[in-house]
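These are the residues of each chain, in order.
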Amino acid sequence: MNIKKSLKGLVALAIAGTFSANAIAAPSNAEIFDMMQEMKKELKNLKAENNELKGTVEEVAVSTDEAIKAQIKLANKSSWGGYGELHYNNLEGQGPGVSDTKKIDFHRFVLYFGHEFRDDLRFFSEFELEHALAGDGDDKPGEVELEQAYIQYDYNDTTQVTGGLFLVPIGIMNETHEPDTFYGVERNTVEKNIIPTTWWEAGVMVKKELKPGLTLDVALTSGLKGTSSAFKARSRQKVANAKANSGAMTTRLKYTAIPGLEVAASLFMQTDFCQGQVVGCGAATAFETHAIYKKDKFQLRALYAGWNIDGDAVKAAGADKQNGYYLEPSYRFNDKWGAFARYETYDNKDGSTSTADTEVKARSIGFNYWIDPTVVAKFDYVDQSKANEGDKDGINIGLGYSF
Amino acid sequence: MILKRYSLLIIATLLLVTVSSLFARGIYQTDEDFISEAFLKKPPENGRIMLGGDVRKRVTSLLGHPYGGLIIKYWEKEGKTAWILEEIGKTEPITFGIIIKNSKIEKIKVLEFRESRGWEIKYPAFTKQYNGVGLEGDKLDKNIDGVSGATLSLWAMNGVSRVALYLSQHLSNKSK
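Just so you know, the sequences run in chain order A and B.
The first sequence begins at 1 in my numbering and counts up one residue at a time.
The second sequence begins at 1001 in my numbering and counts up one residue at a time.
Bear in mind the hints are in silico, worked out from the structure with no lab data behind them.
The beta-carbon is built from N, C-alpha and C at its ideal position, and this holds for glycine as well.
Treat the hints with care, as some may be off.
As the list claims (entries may be wrong) - Label-pair ranges, simulated between beta-carbon atoms:
id, chain 1, residue 1, chain 2, residue 2, range
1, A, ARG118, B, LYS1080, 47 to 57 Å
2, B, HIS1065, A, GLU58, 50 to 60 Å
3, B, HIS1065, A, THR227, 44 to 54 Å
4, B, SER1103, A, TYR369, 30 to 40 Å
Unchecked claim - As a list, the in silico SDA-like pairs of lysine to any residue whose alpha-carbon atoms are at most 25 Å apart:
id, chain 1, residue 1, chain 2, residue 2
5, B, LYS1109, A, GLN160
6, A, LYS211, B, ILE1144
7, B, LYS1073, A, ASN50
8, B, LYS1057, A, GLN160
9, A, LYS349, A, THR189
10, B, LYS1057, B, ILE1071
11, B, LYS1128, A, ARG332
12, A, LYS295, B, LYS1109
13, A, LYS192, A, TYR255
14, A, LYS54, B, LYS1128
So here's chain B without its partners, still in its complex pose (with noise of 0.2 Å):
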């Protein structure tokens, strides 16, 4: 009975999901684009940060744990650093691209998003909050509106945040 009661509804959905484009689960862009873009398509070759000693400690304190990796890529050209960093939501790990100019955040991306709940935070209206954030001791200098349900995701964006701010600063005070 429900089901001829609202089958219209019910064709009217599937037609819904029949339609839609197919794209890679999750994927938003890949590393290699963000970088391409971030650096106007002429990006400069990878630096590597190996988390050991003082910066993996650090690393620690600003995550709350230690990062998932032995070794963090980077790419720097003319006073701008860009970041591929990881970072578990709830149970998966979410790919962030970040770009630091001048000690603030240029820009962050949700890359690649693995988790079932809290992808709200891709949307650029979410990740533009981050644009021109510093660190602050051990906070970002800015609060961070939230989304209902992404709380998580939210606290992985800010813990990649905090972790590419020093990192970069520790790249520019061991360039001086």
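One chain only, chain A, in its complex shape (with noise of 0.2 Å):
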């Protein structure tokens, strides 16, 4: 465009310049017409100039992308993430022995590492500090804690098998817990008490794609530690040197084939809930299956989970039988706010035989307000009731995060 513009000035210059130069000395037919050819030899080698340019151009553009995308690459070899939640609790206690929940806490601290050896095989590791403070003395309520420590290899796009330190395939919660990523201020109390999440353990698993959108994951691990004073599902060694004298075995199959649905069930089986440390404890076995259903904006989330556990002394003590289920409907209005109800109720003392119900219950509601896609602040009631206890009831506030 700009070429087609100086020749119309050079065309009109010359004849300008003819014309006033008339008076002078008229140039020849002859001579415009060459001066007209030089023009246009002129244009043509400005053209091929600026094609070569605008070839340049683009090939600098090409190269300049692939160094980026190159840098990308070499930076992402090494990533590093994390999540965090501080909760703000105003429980009062009603009833004998109940006493008020009143606290702030930063409850997780949490930072991810990981590292991408090959394509095919990586590190990934998860590492806590629970209530900001630890150390000795009750007023360093706090933890250190490995939580994850593995490497990760894929036999093939269908196989996967990870060895290390690893989250124990198991509930809805044990393995997703960014506090964006679920409603109410606390974890709800059933995939704490029934299933111990977070639950880690050591050992090697197997995750087999079986057809698409079902999944098979098998884990050999290490196990629980029951001990007499409580054969609680929530018996965690944390692989902390940990008895390894009973290994476990995990078996998940999960179903994701339909956008919006999960269906999963797990199975957990250990030799001897107790790693032979206690007399009258022996053999458990947890199952659990849950289900979760997102169409548009509704989503429910369900979810039981139980425990066997073999020995006199177990049966005794009335936690042969530990169990517990929630129901959570929530309604999600925009990207911003979303609400939830929740029932949930476990018994860690199912198996006893004494009259004294020992089944816990709780009602929940509440918001969350997502103030960042993974930046949530959360605001819950809820009403809890122990039998044979009391109730306890108030709210929570909560600030969580995840990058």
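Quick one: dock chain against chain with the hints and give me the complex.
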């Protein structure tokens, strides 16, 4: 376009020059023709140069683009991330021996570190500080924990092998528990007291995609260690100089082929729940199943988990059967707001022959406000009742993030 | 003891692993095959859009962050455009192939997945939700149901869908 304009200008100037110089010496037609030929040649050269320049700019852009992508790939070999959640609890106890809970706590501060050795071989870890301050004494309630540290190998595009310290494939929240991914300030009590979330063990796990949307996980790992004072399901050893007299096996089948739907079932088996340390404590089996259904803005989560633990001592304590379930409907109004309600109940002594009921029930209602897709403020009201003990009700406020 | 007790299951699992066919990791379809399939084995020459000025600003707004490259390649023929775009899921880029026709998504496909979680978005049952989806302002005009545990992959797919729809519109406006 500019070249055309320049040419027009040159022709105009040439003609004007011709007239003004006419008084001195008018060029002949042959001379004008020569000048036109010269200009045509110049124009051709300019066009060629312009095309060359255009090509060079494009080449530079392509090279720069490739260099940026290569750099990103190099930088992505090691990655880090994390999540955290700050909680304020204000619950009032009602009934004998039920105390108030009024506290503020930076419940979890977690950092992830990962490294990709090759496209098919990677390392991942999760390092956590719970309750902000760890150490000896009641004023330091926290714990520093290594929750994940494993090597994962992709045998092929349908099979992964994981070795090291990893999360047991069971429940909804054990593997995905970043605060922006669930409703409620505190995690639900069933996945805390029946499935001991966050539950990690050391061992080997194979994940196999059997069909599109159907996966099987088989994990051979270290196990739990119940004690004579408490045969609770939440008897984690946390792979900290853990007793390895009795190993465990977890199998999970998960179906996710329909968008918005997840259905899964896990079976955990351990040959000796107390690692041979307690007479009258035997094999343990846990079964868990859950479903998540999401349609447009509505979501329903439902989970059941239960234990059978062998042994006379366990039975005498009423801990041979432990189970619980919860239902959680929720509605996401828009990108920012979502509300939920939850009913949950569990019992760590469901095998008790005593007339005293040991069931714990809780009803919650609340909302999440996502400040950003992975930054969330939470509020809920909870009413919890422990059979034969009393009630506790009040509010929880939380702030959480992940990146 | 546990090994003896469950040895049959372990052997069965190992067999299951061993007999699996071997594929290159996470590459479900090459870029070339996707483009060839999109244009019935007669693909046009590819064009390039350099991300600069207003185009870059709009792409940044649609993704929520700048696009990880300076140039986006596309293929255009008979009112149809095809795009190869990359977007990070959690830590790794996912490669998507997207076909746009009449300002709507005709097809979206995961061509390469490098993350260790969230790969469920590759299933046709999931990707077909995008068929016929258009752009309304900065958002897709239809809600996409996610897969539990694959939220970040879903966000990546939504992001590249918005970008492809916008760039296709941009090309169409430019040629008018």
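(message) Against the 25 Å threshold, does the CA-CA distance of LYS54 (chain A) and LYS1128 (chain B) hold or violate the hint?
(response) 40 Å, violated
(request) Take the C-beta atom of HIS1065 (chain B) and the C-beta atom of THR227 (chain A), compute their distance, and say whether it sits inside 44 to 54 Å. (result) 50 Å, holds
(request) With a cut-off of 25 Å on the C-alpha distance, tell me whether LYS1057 (chain B) and ILE1071 (chain B) pass. (result) 14 Å, holds
(message) LYS1057 (chain B) and GLN160 (chain A) were given as a pair; does the straight-line alpha-carbon distance stay at or below 25 Å?
(response) Distance ~40 Å between LYS1057 (chain B) and GLN160 (chain A) Cα, so the pair is violated.
(request) Take a quick look at whether LYS295 (chain A) and LYS1109 (chain B) sit within 25 Å of each other, Cα to Cα. (result) 22 Å, holds
(message) Holds or violated: LYS192 (chain A) and TYR255 (chain A), Cα atoms, limit 25 Å.
(response) Holds, at about 24 Å.
(request) For the range 30 to 40 Å, tell me whether the beta carbons of SER1103 (chain B) and TYR369 (chain A) fit it or not. (result) 34 Å, holds
(request) Given the hint that LYS1073 (chain B) pairs with ASN50 (chain A), test it: the Cα-Cα distance must not exceed 25 Å. (result) 23 Å, holds
(request) Decide if the proposed pair is consistent with the structure: LYS211 (chain A) and ILE1144 (chain B), CA atoms, cutoff 25 Å inclusive. (result) Measuring from Cα to Cα gives roughly 23 Å; hence the hint holds.
(request) Decide if the proposed pair is consistent with the structure: LYS1128 (chain B) and ARG332 (chain A), CA atoms, cutoff 25 Å inclusive. (result) 23 Å, holds
(request) Mind checking the alpha carbons of LYS349 (chain A) and THR189 (chain A) for me, to see if they're no more than 25 Å apart? (result) This hinted pair holds, its Cα atoms lying about 15 Å apart.
(request) Take a look at whether the Cβ-Cβ distance between HIS1065 (chain B) and GLU58 (chain A) falls inside 50 to 60 Å. (result) 25 Å, violated
The structure does not agree with the numbered hints 1, 2, 8, 14 stated previously, though it agrees with the rest.
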